[in-house]
Amino acid sequence: GDSVTQMEGPVTLSEEAFLTINCTYTATGYPSLFWYVQYPGEGLQLLLKATKADDKGSNKGFEATYRKETTSFHLEKGSVQVSDSAVYFCALSGSGGYQKVTFGTGTKLQVIP
Amino acid sequence: EAGVAQSPRYKIIEKRQSVAFWCNPISGHATLYWYQQILGQGPKLLIQFQNNGVVDDSQLPKDRFSAERLKGVDSTLKIQPAKLEDSAVYLCASSLPGQRNTEAFFGQGTRLTVV
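If you're matching them up, the sequences are chains A and B in order. Each residue of the first sequence is one higher than the one before, counting from 1241 in my numbering. Each residue of the second sequence is one higher than the one before, counting from 19 in my numbering.
Careful: at least some of the hints might be erroneous.
To be verified - Label pairs and their computed distance ranges (CB to CB):
1) B:E32 / A:G1281: 42 to 52 Å
2) A:N1262 / B:D92: 34 to 44 Å
3) B:G21 / A:V1322: 45 to 55 Å
4) A:G1249 / B:W40: 27 to 37 Å
5) A:S1298 / B:P99: 45 to 55 Å
6) A:Y1270 / B:G21: 38 to 48 Å
7) A:N1299 / B:V91: 38 to 48 Å
8) B:A20 / A:E1255: 27 to 37 Å
9) A:Q1350 / B:G21: 44 to 54 Å
10) A:P1250 / B:T94: 26 to 36 Å
11) B:D92 / A:G1281: 30 to 40 Å
Read the hints as simulated data drawn from the structure, not as lab findings. We put the beta carbon where it would ideally sit given N, CA and C, even for glycine.
Please take these sequences and the hints and turn them into a complete structure.
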């Protein structure tokens, strides 16, 4: 079945540091890939997405590129802020033409001033 | 645009009791999902509806969990009887149907504690 594997947290970074959160997936066919973010006390919200190979999703300074050859969708940000502290979930949808969203276990990011 | 509404936000019950959660999706979203998120884990799909029909309930523990979506709008998820391991956040999400890259919009969830 479908699965998403992401690096375990927590990840602690100083403000303005470079961020990478690794994500790899196993799926049938050509899924769409997503990063969701969950800020403290809030619900899940979509951060960015990519729907086909070599697509780059971007939002709020975050980027991730759909790499079919390595089945990866790593999240990056050049300079993190304290306000980026949250839990980040990698997810996929549309495997085998199916709309179900499958999530990774989440990576907690803490940015310290 | 109003988001996905869920209630209650928090619930504490004793094991073997029953509990129900309610979800109102975004207007016009035919697809509705219920997810279970245990602390430290990613959300796990329990059931997916398309309008009022079930698309996927393969991970729903049917001996104790049930869900319905009458009239293809609101949905309720019920647990009867509850077990300690049911302690989790229950998330409802909705999306437009038919598109594999469509974003799912999530409610704030109901945090259930079973004691």
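Comparing the hints with the structure gives:
1. The hint said 42 to 52 Å for the Cβ distance between E32 (chain B) and G1281 (chain A), and at roughly 26 Å that hint is violated.
2. A hinted range of 34 to 44 Å for the beta carbons of N1262 (chain A) and D92 (chain B) is consistent with their spacing of about 39 Å.
3. Take G21 (chain B) and V1322 (chain A): their Cβ atoms lie about 25 Å apart, and the range 45 to 55 Å is violated.
4. The hinted range of 27 to 37 Å is satisfied by G1249 (chain A) and W40 (chain B), whose Cβ atoms lie roughly 32 Å apart.
5. For S1298 (chain A) and P99 (chain B), the hinted distance range of 45 to 55 Å is satisfied, since their beta carbons lie about 47 Å from each other.
6. For Y1270 (chain A) paired with G21 (chain B), a C-beta distance near 30 Å fails the hint of 38 to 48 Å.
7. Roughly 30 Å separates the CB atoms of N1299 (chain A) and V91 (chain B), a value that falls outside the hinted 38 to 48 Å.
8. For A20 (chain B) and E1255 (chain A), the hinted distance range of 27 to 37 Å is satisfied, since their beta carbons lie about 35 Å from each other.
9. The beta-carbon spacing between Q1350 (chain A) and G21 (chain B), approximately 27 Å, falls outside the hinted interval of 44 to 54 Å.
10. For P1250 (chain A) paired with T94 (chain B), a C-beta distance near 35 Å keeps the hint of 26 to 36 Å intact.
11. At roughly 25 Å, the beta-carbon separation of D92 (chain B) and G1281 (chain A) lies outside the given 30 to 40 Å, and the hint is violated.
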